[in-house]
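Enquirer: Chain A is fixed; fit chain B onto it per the hints.
Residue numbers (this note's numbering), protein chains in the order written: chain A, 5 to 336; chain B, 5 to 336.
Calculated directly from the structure, the hints in this document are not laboratory data.
Each hint should be verified, as a subset may be incorrect.
If several chains are the same, the list does not tell them apart, and a pair holds so long as it fits within one copy or across any two.
Each computed DSSO-like pair below joins lysine-lysine, with the alpha-carbon atoms no more than 27 Å apart [as the list claims (entries may be wrong)]:
#: 1; residue 1: 12; residue 2: 290
#: 2; residue 1: 290; residue 2: 254
#: 3; residue 1: 258; residue 2: 206
#: 4; residue 1: 12; residue 2: 254
#: 5; residue 1: 307; residue 2: 206
#: 6; residue 1: 290; residue 2: 57
#: 7; residue 1: 290; residue 2: 206
#: 8; residue 1: 39; residue 2: 247
#: 9; residue 1: 12; residue 2: 39
#: 10; residue 1: 39; residue 2: 206
#: 11; residue 1: 307; residue 2: 12
#: 12; residue 1: 39; residue 2: 258
#: 13; residue 1: 247; residue 2: 57
#: 14; residue 1: 290; residue 2: 39
#: 15; residue 1: 290; residue 2: 258
#: 16; residue 1: 39; residue 2: 254
#: 17; residue 1: 290; residue 2: 247
Number of protein chains: 2
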Amino acid sequence: MKNDSTHKPHDRLAAYLVDDLAAVADIIRDRMASKHAPRIPEVTAHLVDAGGKRLRPMLTLAAARMCGYDGPYHVHLAATVEFIHTATLLHDDVVDESAQRRGRPTANLLWDNKSSVLVGDYLFSRSFQLMTETGSLDVLRILSNASATIAEGEVLQLTAAQNLATDEGIYLQVVRGKTAALFSAATEVGGVIAGAPEAHVKALFDYGDALGVAFQIVDDLLDYQGHSTAIGKNVGDDFRERKLTLPVIKAVAKADAEERAFWTRTIERGRQEDGDLEQALALLQKHGALTQTQDDALAWAGKARAALDGLPDHEVRDMLSDLADYVVSRIN
Amino acid sequence: MKNDSTHKPHDRLAAYLVDDLAAVADIIRDRMASKHAPRIPEVTAHLVDAGGKRLRPMLTLAAARMCGYDGPYHVHLAATVEFIHTATLLHDDVVDESAQRRGRPTANLLWDNKSSVLVGDYLFSRSFQLMTETGSLDVLRILSNASATIAEGEVLQLTAAQNLATDEGIYLQVVRGKTAALFSAATEVGGVIAGAPEAHVKALFDYGDALGVAFQIVDDLLDYQGHSTAIGKNVGDDFRERKLTLPVIKAVAKADAEERAFWTRTIERGRQEDGDLEQALALLQKHGALTQTQDDALAWAGKARAALDGLPDHEVRDMLSDLADYVVSRIN
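Only chain A is shown next, with the shape it has when bound in the complex (with noise of 0.2 Å):
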């Protein structure tokens, strides 16, 4: 695959497990069926359809090939995680009242709240039909943990949301909950599956932490940064639906007390009128901000990068590092 070099290391990494992928998908496409219910594959598949980059199950993929497995399970494993991701995704676009997914209307939108919901909960008990099947209890601990941290750090941002007391270290909790608990489970299981040593797992355990940590922080800082067709959802977002996000939190910080009352009105009351986002936007630039964020951001790539120098020497390692700079190199 040398001269796949050029290409992004995303797109290395899918050449690389071109075949599991395939039969992932496979997988996917099989357990999304409903004899009784139409309605679960037509919601599911408008969503997987869309094609995520299936990022999350190309990390359990990677790792097991990377610690040596060649059973068939890590497929069932990668499955799991895209299908916890896609329920997470249904219920967090009924959660956010979002109309835009991937650049296409959301579930929610385009069938009902109710659909969501409970076609959410559907592919929930499908990924732990599929997680029960590798037989292996460890799996089924680190997965059944990271659902409900994952639960949890949403939960907590209901609260911390709308809350100008919301500081780095609860959006760091919050981060680590909604989207490094998957990515750091995806990674985990690849590697316990493969009956990797304990070091090996836990390295694969942080990488995956940090990455999903850098994913998040590169996310909401794309919310104030990017193109609606780039990202697939709007610029300001987060501001309209006041979440307080990184960015945000930086500029609350170093604010004087007038712009502490534009933020108590935009993003605690939520009395927002036109012109409140280029405001909002000029103060994270004056505050440096979204510098900084970014900064934030490239450290955590730093931490993926360096978990992974606690595992022996593979090609699909060096792909994984590639990665961890891939993810950050979105805000470029």
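Expert: Just chain B now, kept in the frame of chain A:
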């Protein structure tokens, strides 16, 4: 416990299982906690403290005891079953836009839909953690299958409601999913964790399945017959929510052209006016739909009792037999 014989079967079973039920209450209180997100125990406690009858966890405990189990894990499984049930209630109330549950305002009304969706997800994850702790892959398989069947039944109900083509076959499929799947899983895992022989496990499954169907038919009948104080919800809720349940399905099957137009307007088109509920009740009476529904419930209770014949003589077996009668006695 002879002097308890005049009590309701539910109370006699609760008295027999008093220590086990206390252990279940402890584990529920312990596991519904969340260090990071205090809203989780708030929302959960609102529902748990309202005190459901704990019927489903009692089924698991009873099955395990009847099969001679003396380990600790029937308590985990009973709590698992109650968590799955509670998660389902939280999501149901969002889906149905309900305002009352167990005679109290619903969580979605007191907090918001977001909290109900996410706390439901949390409890669902917690339930998988609990069952993983039992170390039994058989139990994990049964309960993850049941979860998928529940969600499938709920989605099927979404499309079956408001559709006059829904017949008794589809109704039974919905009921088997949304209600009976958890009853039968509850009894089945009680036998499995006790290492009961296959024939006994099968009998326990059949008992739970038939009891669950009887229970739901009674619930649907009470929606037209009960009093809001007794059932903790309002008479006619299903009619107003345009749910096609067994009494209406039976009346629609016998409707003349004019009656059919009434059902089409009120259930399919949702154009309800003052006096429509009274008219619906009159049509149910006219066609004997309530009596026939009651007969069906009694027949399912009979099937539940008959399934117990496959189990050895035991005082708990007699209590479960009485419980089947008790479940349908709510309609008298």
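Enquirer: Next, verify each hint and record whether it holds.
Expert: Results for each hint:
1. 12 / 290: Answer is neither; intra-copy 33 Å and inter-copy 71 Å both fail.
2. 290 / 254: within (11 Å within a copy, 69 Å between copies)
3. 258 / 206: Classified as neither; 37 Å inside a copy, 66 Å across copies.
4. 12 / 254: neither (31 Å within a copy, 62 Å between copies)
5. 307 / 206: Within. Shortest intra-copy distance 14 Å satisfies the 27 Å Cα cut-off; inter-copy 53 Å does not.
6. 290 / 57: Close neither inside one copy (34 Å) nor across copies (59 Å); limit 27 Å.
7. 290 / 206: neither (40 Å within a copy, 69 Å between copies)
8. 39 / 247: Between copies, since 22 Å is at most 27 Å while 39 Å is not.
9. 12 / 39: neither (39 Å within a copy, 40 Å between copies)
10. 39 / 206: So residue 39 and residue 206 pass the 27 Å test across copies only (24 Å; inside, 41 Å).
11. 307 / 12: within (20 Å within a copy, 62 Å between copies)
12. 39 / 258: neither (56 Å within a copy, 29 Å between copies)
13. 247 / 57: For residue 247 and residue 57, the Cα distance is within 27 Å only inside one copy (25 Å; across copies 39 Å).
14. 290 / 39: neither (57 Å within a copy, 36 Å between copies)
15. 290 / 258: within (10 Å within a copy, 73 Å between copies)
16. 39 / 254: between (50 Å within a copy, 25 Å between copies)
17. 290 / 247: within (20 Å within a copy, 56 Å between copies)
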